[in-house]
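Engineer: Generate the whole structure from the sequences, applying the supplied hints.
The opening position of the sequence shown corresponds to residue 588 in our numbering, with each subsequent residue numbered one higher.
Some hints could be false.
If you anchor each label on the Cβ, the simulated ranges turn out as follows [to be verified]: (1) Thr645 <-> Asn605: 18 to 24 Å; (2) Gln596 <-> Asn660: 18 to 24 Å; (3) Arg589 <-> Asn647: 37 to 43 Å; (4) Ala634 <-> Arg589: 32 to 38 Å; (5) Leu654 <-> Met604: 16 to 22 Å; (6) Thr590 <-> Leu654: 36 to 42 Å; (7) Tyr588 <-> Thr645: 41 to 47 Å; (8) Arg656 <-> Arg589: 32 to 38 Å; (9) Gln614 <-> Tyr588: 29 to 35 Å; (10) Asp664 <-> Glu611: 20 to 26 Å.
Honestly, the hints are just simulated from the structure, not real lab data. C-beta: ideal position from N, C-alpha, C; glycine also.
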Amino acid sequence: YRTWQVTEQELPFEFFMNLLRLNEPMQKQLFTERTGLALSIAEQALAPAIERGLVETTDNAWTTTDLGRRFLNSILDEMV
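Structural biologist: So, in structure tokens, the structure goes:
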């Protein structure tokens, strides 16, 4: 039996890979609670998707747009 550890650099990808597919707002506080990383890291990871209109942001949450739901893999690819 082999265990797998997610590195700190992989945490944003892993976090968003799970939440982007839920089609509901992703609460920003969950990012820091679940990863232990600064919110600025998540904002940096999502910046290209926000600029392309794939993700919308508010003070408290991120949400995939209709277009973004069609291109979830593209959003994740930009994080790798």
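Engineer: Each hint should be assessed against the structure and marked as holding or not.
Structural biologist: We went through each hint and held it up to the structure:
Our hint of 18 to 24 Å for Thr645 and Asn605 holds, since their Cβ atoms are close to 20 Å apart. Take Gln596 and Asn660: their Cβ atoms lie about 19 Å apart, and the range 18 to 24 Å holds. Separated by about 38 Å at the C-beta atoms, Arg589 and Asn647 satisfy the suggested range of 37 to 43 Å. The hinted range of 32 to 38 Å is satisfied by Ala634 and Arg589, whose Cβ atoms lie roughly 35 Å apart.
Our hint of 16 to 22 Å for Leu654 and Met604 holds, since their Cβ atoms are close to 19 Å apart. Between Thr590 and Leu654 the C-beta distance comes to about 38 Å, which sits within the given range of 36 to 42 Å. The hinted range of 41 to 47 Å is satisfied by Tyr588 and Thr645, whose Cβ atoms lie roughly 42 Å apart. A hinted range of 32 to 38 Å holds for the C-beta pair Arg656 and Arg589, which are about 34 Å apart.
Between Gln614 and Tyr588 the C-beta distance comes to about 34 Å, which sits within the given range of 29 to 35 Å. The hint said 20 to 26 Å for the Cβ distance between Asp664 and Glu611, and at roughly 22 Å that hint holds.
Hint check: no violations occur; every hint is consistent with the structure.
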